[in-house]
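Chemist: Read off the chains here:
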Amino acid sequence: MSSLMQREMSYALTYKDVVDILRLVRESAHCQSFELQLGDLKLSITYRCASDAANEAPHAGLIAPPAVAEKPERAPEPKIGLDVVAVRAPMLGTFYRAPAPGEPPYVEVGDIVEEGDTVGLIDVMKLFTQITAPVSGRVVEIPAENGALVEYGQPLVLIEPL
Amino acid sequence: MVGFVDESLRDGPQSLWATRMKTATMLGATEWINRAGFRKVCVTSAAAFETAVRFLRDDPWERLRLLKAYLPDTTIDVLMRSRNLFGWARYPDEVVELLFQCLQRAGTDWLKVFDGLNCLSNIAAHFRIARALGLKTSGMLSYSVSPVHTDEHYVARARELIGYGVDSITLADPAGLLTGPRARTLLAALKTVTQGRVAIEFIAHECMGLSHESHREALLAGVDTVATASEPLANGESVPSTLDILAIARELGVPADLDEEALRRLDDYFHWAAFKEGKPVAERVAFDSERYRKFIGHQIPGGMMSNFRNQLSEVGMLHRLDEVLEEAARVRAELGYPIMVTPFSQFVGVQATFNVIQGERYKTIPEELCLYALGHYGQPCAPMDPDILDKILVGRRAEAVDSEAVFAERVLDDFRREKGPFRSDEELLLHLFYGRDHVEALARHKSAFNGRPSLAPPLRALIEELARENTLQTFKLEKGSLKLSLRFA
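Here the protein sequences come in this chain order: G and H. Residues 1325 to 1486 in the working numbering are what the first sequence lists, from first letter to last. Residues 24 to 512 in the working numbering are what the second sequence lists, from first letter to last.
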């Protein structure tokens, strides 16, 4: 195609026209035929019958379907004994065990913590909130993984009060 | 004569595409942008840099160099967020200087710098450093509606900016709150300070449906520039469209030197880009006085509102959204009316959500909010509510913050020693802002560019798309001299 010809075609038909036409093509795909006359535009489309199309590969649309946000798989609720206090996520967010990547975690299983000690961080909308121990005691389990998306109320750290 | 600052590559994508415009898409627009006659073209910001690295895996430095190469006649503008620069921590002067040097080498001519509290001592060094490098600067003041955001507030801040030697003052209305009458008085007040010696630039968003009326006033007030975007990247939460504001300027008899044909081609290109990327095209907003009245209280920005809804629906509390928004209005006042831009909109929004969900106010407090209360972010617009300040700082040593000492800190040598060596200062900055993992992932996955990507002309693009449809039997199109008839096997 010569560049002059290309330029003329670009003027006869804009990208905006092409977008409008493709939207019409897709939105009327359940019809048998489609006729449109608007100003100097004439559009006439016939579609295959539904049974033909059904045998074909699924509609190869250009636009990827909107990615369905994968729901975080709810971690199985750990067994929480009567004598154990669960520190729970105050909000949906990302749980971190250490103050920064590469640094040691705030607490490990077996550590003794004081009430108010930081046991982890949660990132909610880019804001980091310290998760603190509600009681003094021994850390007996850390059911939430570092960097995991945690749900509201999910147990993060289990503490056995001493 | 009014100049136009193009925001099709920066504010448009940030407001409408969650900042996810790829370098390739930007390069496709450069031919028309370069030809259009914009006074400046804003090409990047903190959000764009971060998104390029973390999500798009486009090297943001390479993007800047390519844009400069394909926009040879264009003045390149970059938006800078206070001490956060392109990251989230607060960085000392040494980092400000290194970043500005790198930006300048990559083709930047202008920096517009803002601070979300309009606390200008935070950014005084930015202007000094930029000037020493030979960069032009604009001091950006953000508009808000509150008891403290009066004409006097803006006049005092503008005076301070002029003292810092800025080349222009940008009045920014990030939430689109400026009505025509308010724009008129505020711009008149600013002009008494600038006395025509310092340029006034104007940028206002369409969120509330007021951007045309505020721009009309801005044009009548004789602002030096307005900021607009190509139509598919304008309106909605973005700035108004270039051709719309150009039409208002023409109607008012304000001359503007823009190439309309180039602007139309640019619009047409972005219509196609938006379609191919599956991005929505926003519309003009109809002003709604009730919506405006409700919004004024909390001023949670649109981009954050969708995030907010997700958060609340995840915890099954979407039905309490109104309650959270009312709480946000209270929190905003208690914190001293910060302007609801990053990061302060998050402080207010997250704290309000905690307060409502936990049924107890300020029980859980994000770390950053404690730092804010301690003065690490500078002087709040108004003093914080003393009771809330006590609640936030309970059990903390409320040491006065010595900002000067923080700004003068030397961090780069240690960072080089601990995390280096780095191949370049550009790489060092990416490591500093986003961490090793993201920088390494970028190096592994980044897209390679060999020149400007080519784009099929519209007719061929149409045929290529139709060929992929499997529902069609026949397709006939007539338009002007064009006749197209297709029969599918």
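Don't read these hints as lab results, they were simulated from the structure. Treat the hints with care, as some may be off.
Unchecked claim - Distance windows between CB atoms, simulated:
no. : chain 1 : residue 1 : chain 2 : residue 2 : range
1   : H       : F78       : G       : V1459     : 37 to 45 Å
2   : H       : D282      : G       : C1373     : 48 to 56 Å
3   : H       : L341      : G       : L1360     : 19 to 27 Å
4   : G       : C1373     : H       : L478      : 15 to 23 Å
5   : H       : G186      : G       : E1465     : 55 to 63 Å
6   : G       : E1438     : H       : Q402      : 57 to 65 Å
C-beta: ideal position from N, C-alpha, C; glycine also.
Chemist: Taking the hints in turn, state whether each one holds.
Modeler: These are the hints, each one checked on the structure:
1. H:F78 / G:V1459: 37 to 45 Å: With Cβ atoms ~40 Å apart, the hint holds.
2. H:D282 / G:C1373: 48 to 56 Å: Given a distance of about 49 Å, which is inside 48 to 56 Å, the answer is holds.
3. H:L341 / G:L1360: 19 to 27 Å: At roughly 40 Å between Cβ atoms, L1360 (chain G) and L341 (chain H) fall outside 19 to 27 Å, so the hint is violated.
4. G:C1373 / H:L478: 15 to 23 Å: Violated, at about 35 Å.
5. H:G186 / G:E1465: 55 to 63 Å: Check passed, 58 Å falls within 55 to 63 Å.
6. G:E1438 / H:Q402: 57 to 65 Å: 35 Å, violated
In summary, the structure is inconsistent with hints 3, 4, 6 from the numbered list given earlier, while agreeing with the others.
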